[in-house]
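J.: In order, the protein sequences belong to chains A and B. For the first sequence, the working numbering assigns the number 343 to the last residue and increments by one with no breaks. For the second sequence, the working numbering assigns the number 203 to the last residue and increments by one with no breaks.
Please note that the accuracy of each hint is not assured.
In silico DMTMM-like cross-links for lysine to aspartate or glutamate, where the CA-CA straight-line distance does not exceed 20 Å [as the list claims (entries may be wrong)]:
no. : chain 1 : residue 1 : chain 2 : residue 2
1   : A       : Lys189    : A       : Asp271
2   : A       : Lys189    : A       : Asp109
3   : A       : Lys52     : A       : Glu41
4   : A       : Lys71     : A       : Asp109
5   : A       : Lys316    : B       : Asp182
6   : B       : Lys177    : A       : Asp308
Label pairs and their calculated CB-CB ranges [claimed, not checked]:
no. : chain 1 : residue 1 : chain 2 : residue 2 : range
7   : B       : His169    : A       : Lys85     : 36 to 44 Å
8   : B       : Tyr8      : A       : Glu76     : 40 to 48 Å
9   : B       : Ala181    : A       : Pro59     : 47 to 55 Å
10  : A       : Lys316    : B       : Ser164    : 16 to 24 Å
11  : A       : Ala237    : B       : Leu167    : 43 to 51 Å
12  : B       : Gly49     : A       : Trp277    : 40 to 48 Å
13  : A       : Phe97     : B       : Val15     : 18 to 26 Å
14  : B       : Val15     : A       : Ala229    : 38 to 46 Å
15  : B       : Gly174    : A       : Val334    : 44 to 52 Å
16  : A       : Leu328    : B       : His169    : 23 to 31 Å
17  : B       : Ile165    : A       : Arg306    : 17 to 25 Å
18  : B       : Asp182    : A       : Trp315    : 19 to 27 Å
19  : A       : Thr301    : B       : Ala16     : 45 to 53 Å
In case anyone wonders, no lab produced these hints; they're calculated from the structure. From the three backbone atoms N, C-alpha and C, an ideal C-beta is built for every residue, glycine too.
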Amino acid sequence: MVDMLAGLMPPEIWRLIVIVVQILAIVLPLLIAVAYLTYAERKVIGAIQLRKGPNVVGPFGLLQPLADGVKLFLKETILPTGANKAVFIIAPMLTFFLALIAWAVIPFDQGWVLADINVGILYLFAISSLGVYGIIMSGRASNSKYAFLGGLRSAAQMVSYEVSIGFVLVSVLLTVGSLNLSDVVLRQKETMWFVIPHLPMFFIFLISALAETNRAPFDLPEAESELVAGYNVEYSAMTFALFFLGEYANMILMSGMTVILFLGGWLPPFDVAPFNWVPGIIWFALKICAVLFVFLWVRATFPRYRYDQLMRLGWKVFLPFSLFWLVLTSGVLVAFGWLPNQG
Amino acid sequence: MIAALIFYMFAGLAVAAGVMVISARNPVHSVLFLILAFFNAAGLFLLLGAEFLAMVLVVVYVGAVAVLFLFVVMMLDINFLKLREGVAQYLPIGAVIGLVLVVELGVIFGGWAFAPDVEALIRAPAPAADQITNTEALGRLLYTDYAYLFQASGLILLVAMVGSILLTHRRRPGVRKQVIADQIARTAKNSVEIVKVPTGGGI
Numbered sequence: 001m002v003d004m005l006a007g008l009m010p011p012e013i014w015r016l017i018v019i020v021v022q023i024l025a026i027v028l029p030l031l032i033a034v035a036y037l038t039y040a041e042r043k044v045i046g047a048i049q050l051r052k053g054p055n056v057v058g059p060f061g062l063l064q065p066l067a068d069g070v071k072l073f074l075k076e077t078i079l080p081t082g083a084n085k086a087v088f089i090i091a092p093m094l095t096f097f098l099a100l101i102a103w104a105v106i107p108f109d110q111g112w113v114l115a116d117i118n119v120g121i122l123y124l125f126a127i128s129s130l131g132v133y134g135i136i137m138s139g140r141a142s143n144s145k146y147a148f149l150g151g152l153r154s155a156a157q158m159v160s161y162e163v164s165i166g167f168v169l170v171s172v173l174l175t176v177g178s179l180n181l182s183d184v185v186l187r188q189k190e191t192m193w194f195v196i197p198h199l200p201m202f203f204i205f206l207i208s209a210l211a212e213t214n215r216a217p218f219d220l221p222e223a224e225s226e227l228v229a230g231y232n233v234e235y236s237a238m239t240f241a242l243f244f245l246g247e248y249a250n251m252i253l254m255s256g257m258t259v260i261l262f263l264g265g266w267l268p269p270f271d272v273a274p275f276n277w278v279p280g281i282i283w284f285a286l287k288i289c290a291v292l293f294v295f296l297w298v299r300a301t302f303p304r305y306r307y308d309q310l311m312r313l314g315w316k317v318f319l320p321f322s323l324f325w326l327v328l329t330s331g332v333l334v335a336f337g338w339l340p341n342q343g
Numbered sequence: 001m002i003a004a005l006i007f008y009m010f011a012g013l014a015v016a017a018g019v020m021v022i023s024a025r026n027p028v029h030s031v032l033f034l035i036l037a038f039f040n041a042a043g044l045f046l047l048l049g050a051e052f053l054a055m056v057l058v059v060v061y062v063g064a065v066a067v068l069f070l071f072v073v074m075m076l077d078i079n080f081l082k083l084r085e086g087v088a089q090y091l092p093i094g095a096v097i098g099l100v101l102v103v104e105l106g107v108i109f110g111g112w113a114f115a116p117d118v119e120a121l122i123r124a125p126a127p128a129a130d131q132i133t134n135t136e137a138l139g140r141l142l143y144t145d146y147a148y149l150f151q152a153s154g155l156i157l158l159v160a161m162v163g164s165i166l167l168t169h170r171r172r173p174g175v176r177k178q179v180i181a182d183q184i185a186r187t188a189k190n191s192v193e194i195v196k197v198p199t200g201g202g203i
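Just chain A, same shape as in the assembly (with noise of 0.2 Å):
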């Protein structure tokens, strides 16, 4: 069937609708997990508060996140007379654009993935590097104080969670010898999952993930008692909803990149007869939703930072750690002779 849909045009437009099929098939999924993990981070905080969360549309509230959807659908855009017009539109759009672009090279299972480029790790930190630029547009076309102070605080945080972000992918790539982040799993299924090796990494990663997508206790760039709510004060309606959607996919994202460098990605945690025989992008799924979790528990405990703090956490602590680990790294690479791809 498949072949003979093939044979009946020419190949390049063929290979371009695979690739839309493709694309569809990630973001499809994505979609639905960004409306079901704001269903979970309301029942998962209303469990940690004794609360019941959203019970009442569908069994368990489950036609919850379809109801918010519908509800921000129809409202109106309203676009503020102050606002500088074209800006202020292309914000949201850029946030959610760049919060699915990024899923192109993302491996679920092994080979399962849309552009198995070279350079992943480096797209995915470009990629992710650019999500402040949603933010501060936002921030400074509203023409409104709080979401202006909410977008320099999210681009001076950003900015300065990246660099350690940074030296932590260096000493995973030290580890790894590649860029791709096929060869990234398939290197841990070598030798161990590098949370073992890379302990604290993975828990500065996990943090500053947290910062890079300005989730609590991080979430100065809309810290409701400060700042009303921070850079998307002005926006209503689909334009609000474009920066909720690209907000929830880059928590999923960061937990993505968390499972791919740390946690094995597809791999099943023992690779004996109960567990491998469970597809590898249920193992990936499930991974992922572990993290998320843990960025749903840490909301639900701790307090906001106060904007100094996250700075000395930022530059002072994990900075020079993540640099005393790259050397350390390095070093024992080089000492014990374990170096990938030598010669």
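For chain A, the structure is supplied; the task is to place chain B on it using the hints.
T.: Frame of chain A, contents of chain B only:
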């Protein structure tokens, strides 16, 4: 054919964005167009097969440098319309200077050639560049043949960094800094005192 089309798209957008950088009225828009120009340059690198350089361009210039540009431009309190008032007056001088620069560049690049003994010094990556990924090829060149130059450029950047911190850092008297070690070292013993207050006596 398709590659040529994509090339002209990237190149055209890069040039157009470059023109917009200097002609946009709003400085924030200028920076945003600058970012667009960086992106198109990264696209051109990708077309050349230099994927590492393309990604590094995005990480460094778009992800860090341009963010700081935007940050600074947004904080500036300058009336940019006033700055542009005398443009017509200065335009001829600027045009002449620009023309002289273009002619000089043309003269230099017209007669550009490597000296014969310099050409022998240029290193090629040990396995040919098309056999390994270009990250590896770049790494081998930088860290073996050009290690000293690489270290020297790193040192120059370090000096610049230290210098800029030294120039902008100022000690402000009377600022209470948080010393976390002190906070953690506090115990009930040295911070709480229980006093029996006699009625009507006060402390």
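J.: For every hint, state whether the structure bears it out.
T.: For each hint, the structure was consulted:
no., hint, in the structure
1, Lys189(A) to Asp271(A), "holds, 9 Å"
2, Lys189(A) to Asp109(A), "holds, 13 Å"
3, Lys52(A) to Glu41(A), "holds, 12 Å"
4, Lys71(A) to Asp109(A), "violated, 36 Å"
5, Lys316(A) to Asp182(B), "holds, 17 Å"
6, Lys177(B) to Asp308(A), "holds, 10 Å"
7, His169(B) to Lys85(A): 36 to 44 Å, "holds, 41 Å"
8, Tyr8(B) to Glu76(A): 40 to 48 Å, "holds, 41 Å"
9, Ala181(B) to Pro59(A): 47 to 55 Å, "holds, 53 Å"
10, Lys316(A) to Ser164(B): 16 to 24 Å, "holds, 18 Å"
11, Ala237(A) to Leu167(B): 43 to 51 Å, "holds, 47 Å"
12, Gly49(B) to Trp277(A): 40 to 48 Å, "holds, 41 Å"
13, Phe97(A) to Val15(B): 18 to 26 Å, "holds, 24 Å"
14, Val15(B) to Ala229(A): 38 to 46 Å, "holds, 40 Å"
15, Gly174(B) to Val334(A): 44 to 52 Å, "holds, 49 Å"
16, Leu328(A) to His169(B): 23 to 31 Å, "holds, 30 Å"
17, Ile165(B) to Arg306(A): 17 to 25 Å, "holds, 23 Å"
18, Asp182(B) to Trp315(A): 19 to 27 Å, "holds, 20 Å"
19, Thr301(A) to Ala16(B): 45 to 53 Å, "holds, 50 Å"
Of the numbered hints listed earlier, the single one contradicted by the structure is hint 4.
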